[in-house]
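Build the complex from these two chains, which are given one at a time in their own frames, with help from the hints.
First to last, the sequence lines map onto chains A and B.
At position 198 of the first sequence the residue is numbered 198 (our numbering), and the sequence of numbers has no breaks.
At position 95 of the second sequence the residue is numbered 95 (our numbering), and the sequence of numbers has no breaks.
Check each hint, because a few of them may be wrong.
What the hints assert, rightly or not - One-sided excerpt, in silico: chain A residues whose CB lies under 8 Å from chain B:
| hint | residue |
| --- | --- |
| 1 | Ile-37 |
| 2 | Gly-51 |
| 3 | His-54 |
| 4 | Gly-128 |
| 5 | Thr-230 |
| 6 | Tyr-233 |
| 7 | Met-234 |
To be verified - Lysine to aspartate or glutamate pairs mimicking DMTMM-like chemistry, simulated, CA-CA at most 20 Å apart:
| hint | chain 1 | residue 1 | chain 2 | residue 2 |
| --- | --- | --- | --- | --- |
| 8 | B | Lys-216 | B | Asp-470 |
| 9 | B | Lys-272 | B | Asp-84 |
| 10 | B | Lys-272 | B | Asp-395 |
| 11 | A | Lys-40 | B | Glu-369 |
| 12 | B | Lys-272 | B | Glu-453 |
| 13 | A | Lys-40 | B | Asp-342 |
Rather than coming from a laboratory, the hints here were simulated on the basis of the structure.
Cβ atoms here follow ideal geometry from the backbone N, Cα and C, with glycine treated the same way.
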Amino acid sequence: MKPTPSLITGAILTVFFLSLAGVSYLWTPFPVEQLDIGRKLQPPGSLFWLGTDHFGRDTASMLMVGARTSIGVAILAVGIGIGIGVPLGLAAAANHGSLFDEVIMRGNDLVFAFPALVIAILITAVFGPSAVNAILAIGIFNIPVFARISRGGALSLWTLDYVLAARVAGKRSFRISVEHILPNIANLLLVQGTIQFSLGILAEAGLSYVGLGAQPPTPSWGRMLADAQTMIYMAPRLAVFPGLAIVLMVLGLNLLGDGLRDHLDPRIRRLRQ
Amino acid sequence: MHKIPRTLAVAGLAALASLGTAEAAKTTITIGMQLEPPNLDPTGGAAAAIDEVVYANIFEGLTRFSADGSIRPALAESWDISGDGTVYTFRLRDGVTFHDGTTCDAEDVKFSLDRARAEDSTNAQKALFAGIADVSVIDPLTVQVTLQNPDGAFTTKMAWGDAVIVAPETIGQAATHPVGTGPFRFTNWVKGDRVEIDRNPDYWGEPVALESATFKFISDPTAAFSAMMAGDIDAFPGYPAQETLAQFEADPRFVVIIGSTEGETILSTNNKADLLSDVRVRKAIAHAIDRQAIIDGAMFGFGTPIGTHFAPHNPDYLDLTGLSAHDPDLSRQLLAEAGHGDGLTLRLMLPPPSYARRGGEIVAAQLREVGIETEISNLEWAQWLEQVFRNKDYDLTIVSHTEPSDINIYARPEYYFQYDNPEFQSLMADYAITADPGMRTALAHQLQTIIAEDYVNGYLFQLARTGVADAGINGLWKNAPTQANDLTGVHWSD
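Next up, chain B with everything else stripped away, as it sits in the complex (with noise of 0.2 Å):
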């Protein structure tokens, strides 16, 4: 048999394949998710993958957070912030329906805040709306927010997924149809597989360019480099299998999105636990960990080391890793010094992403170089939040903690990892009032360094945002400033 040139072969397949990129673009998208989200009212729980279907897609806020991270005027279109800094003036948007066709006005955005900060809200996350005192209707438009204390935060508070404005007479269904204001609305949900939005055609903003849109739940990593590379996903925001994306890289179809994400991946230490209490123990543990062999090993090389809780993206971040810099010698002393010279057990338990169940083994190897072992358990999502998170019956653990700013929870002593330090606490209720820039740059650097230097958690690192899209996607996010796949701004090259 004759070769046929390879040139030429290649020139065949591409010109077949023109054939189908001819017609006009793409209208329709598939977006690939590793998790299916519990139910799609992101006032009603906590999944991260709740907001990564309906954020800026089917629900807005007062304020939205933009690609970059900075906050951006959503259904409100100005405010007004009171000299004192306690009354936030919003004006609305005027015209803006939700999609069943109601209006959205200040009664709605009055009902939603009141809703979320009642006493028996089911939000979770009802320490934003902790501040405010009061929401009052000055008219249709204007809606004003009267805060306990000045808050410098509150305009930030006002994006999350968790803020976003619902009607009262929609928000009973919104579990399984949710109805927002947003350019897409919610069309169908096939449990298990994928959820269906389309266009809004009264959308009160800029229309986007995409036609519908599809979700598709995959959690299997294998299965989602599949998907990919067959085309059934267009693109996948925090695809999951980071071993396969040099092969993505290499392939001219593809693009690969490396950004940063708000997860700062820990090795979370219950520090009420008998031999957790003691410092020195911490300590020990901090330096026993060689972060650089934990982002290779189990993130291939994805990821930046992280020295304390906070983003390394932040303008605020404080580069603490020589804290805790990699020193076995000076583990196994304090753990002598600490009474556990022959070494001791701790449980590790590790909930289903690879960044802790490959992590997990990286750490129990490194930590038993200095003479700590670990018997490591392997648990499933449900199992780790009930057993770990609500019951707090663990010793160590590795997970990602992906809310944004979200240093305040080491002021929380009943939160899993039971830090419990009345300094820290006061410094963050400081915090929290102050609006000045200045001052919350040193508070937030004082803030960090307290717990760095409490070694309350090992700091491993900072979770990449490795996507992998089809090189004719424009607009996805790089960043994931927030848990989101914002599309509105996404639109298929010609």
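Isolated chain A (complex conformation) (with noise of 0.2 Å):
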């Protein structure tokens, strides 16, 4: 079937800020850590693309740069989302309706009950400001949303015939998740760790905006605009572009998953057709 237009817009977008971020490492037009008073808050133009900030650093690579911090913490935090929520997820619904599923599960629902990003700001607060402590504290919000949707999904296909046929073989439940489960909810965490990641991007913006993200001289979006913030009558381009970018970036991952959601999943595929 014909990928779905918002399928096709959010993997341009999100291939776009991927691949800058990726030329990033090699190449920035102008090294970001280099400040050059002589030359700051120059308006956009040829040799300074989107202009300068009040540093004199250049706008573009800054954003080059900037996307490279956002992507690593997001992609991190849904990394350890995953890596934890989902064996969590698996092994509770292995073992459905006993103590270890009960703790797991209201585990998992205590971590949730707290508002994510003021508890991002705690740990930053308590554990000092860094891109690593912005990583653990997403990532941690992260895992029940992985072990909630992994569970669920496990716990239909566990009902399955194939799922019954491998356990009278005599496979192990560790072995059945491993190879028939998982498989079968890759769909579902994939959509899930798009969505994540996008709520990942938001969460670093929000926490560098308020200085407990990466530190400076580190790009980063959420800095940058907050930077920004007493020049927005002066030179509003320096807010408009991370603005943009965070904006851009947010919108394409949502658009990559809904996409992504239409196109895996069988019913709704049945239902186009």
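This is the structure we're talking about:
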């Protein structure tokens, strides 16, 4: 079947920002750690595509390296969520109804009940602001999301005949979970991962905005916004460009997530045909 | 649609505006401040914001600073100094009352000074009173202060906000409800928002033109800008968003007031930290710094480069910026000599003001040029006071020392930059008791040179006082000889 327009738009935006981040490892128009006060607040032009900031840094280069920071934090945070949440969810589903299941799921509810960003602020305030702590803080809140989704997906699969067959054949729950359940919930995880990825980008920008994310001189979209705040009347572009970057990146990931769900979910696929 | 001719529109607007100002001149004022004072007792707190509300408005001392930094009589009408310079006899003004109606006399002066210099005193500037040997009441309007040693700066010390005269009956509540002798009375404090004061009808001196005044606390530079533009604030003497000053300058409704402060902004260095106890490393840091870039980048050009810990507007200032001129090659060479040829890493802690946060990023970039990596931590004030100022757990930090003539902090080895030089300490002791102006200048020059040649700290710039005010206000201070928003001479033009 043909991919939907939202899937295409989402994929294009996502690939665009991912490649921006990738390219920034090899090349940026200007070095971002070098300040040159003499050329501060230059308007966009042929030399500085998006102008320069109050320290004379090239905004385009800052955005590229900032993409790297945001994406890096968000990917690792999603990684933590999947790495811990999925095994927990699968284990809970395999032991459905047991005390183990209860403990894990109620523990997840506990973490889920806290407003994520507030706790992230608390964590970074206690352990000091840094990109690593931001990753941990965002990652912790991804755990219950993935635990729930994988448990829910796994539970319905456990009642299916082929799982029963595998059981009769003498396979242990662990092998069944890994060999039969996991591949069948991979779609779900991929979609949820994309959504969590976009939430991670937002959370990172929020934490950096209040000064709790990546520390200077590492560029970050959130801090670019914060720095631009007092100059918004003089040079609105300083806030507009990182703001647009955040919006487009998050929009792209959400479109991609929605599109993937429509594309991968057999029921929706059938409906559309 | 037809375009209304622009001049016509402007004339119409002007006419509308003049309707508003046609009445008599305003007698109220709203002053913007970036930080809210933690309490309102100037004798019990170090925060500059306390004095910025109460100094000269609510509380007065024996003497006071005037707008140009000179010392004027306040509650003391006049004074005599004994031949050997150790006995000061202050004659107090007659008819001075506190806001609660009680008289202010020699007993109150004795109480205030004894309280400030007592063992258990919580005064933030106890050093001001350390030289006092005895305070005695001669008669209700005469106080005699005996010093241990002659002190040429004693009347200046008595002008500090920390040396104001308070009454024993009301000092207990001064933190929340200050009662002083000043031309304004405290009326209301809405925590987190504003402090209100109104005119004291029983004031001993010339009555003030304003009927009431409000100090409004706005910490966010962007919000400060909007509040000024919207007219919610009439004047913002310590205006925090220098980047927007150009806009106010171009607007006829406002005047921009650029003055100097007593704020030596320095790259404070922990002289006891492993790497930084080596003077070559400190010298390398000093030569790595390009002051003008910091002033342009962090302060949008407002600020005067300094080469030592002394205010450039002080007649005794010595320009020592040449000792630490921007010279990255020399820095690299010094680092190599000190055994750090392949670089070193230092921690740079930055408090919230933009001079520190922005300045810090520029300093970090300049240090990186010569091979010094910095790990930047942005700290809130409470954290900064705890970790840097009290526990001395830092390598570098940027802060503005806004107390007047505070070079004496270098004679305190326990002070947070931990500079311990006996030669400097003994010179400082001499300086403190020297009254002869020529000798004082010579000593001041010597003191400034020692700390500059020892590269105790990186000396960056003298903080400018950038203020914005409604064009109709007269009488605001241009410079900041002490931490104050003196409203006694402020009035609106008709």
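Now the hints, each set against the structure:
no. : hint                  : in the structure
1   : Ile-37                : holds, 4 Å
2   : Gly-51                : violated, 15 Å
3   : His-54                : holds, 7 Å
4   : Gly-128               : holds, 7 Å
5   : Thr-230               : holds, 4 Å
6   : Tyr-233               : holds, 6 Å
7   : Met-234               : holds, 6 Å
8   : Lys-216/B / Asp-470/B : holds, 15 Å
9   : Lys-272/B / Asp-84/B  : violated, 40 Å
10  : Lys-272/B / Asp-395/B : holds, 9 Å
11  : Lys-40/A / Glu-369/B  : holds, 19 Å
12  : Lys-272/B / Glu-453/B : holds, 17 Å
13  : Lys-40/A / Asp-342/B  : violated, 31 Å
In summary, the structure is inconsistent with hints 2, 9 and 13 from the numbered list given earlier, while agreeing with the others.
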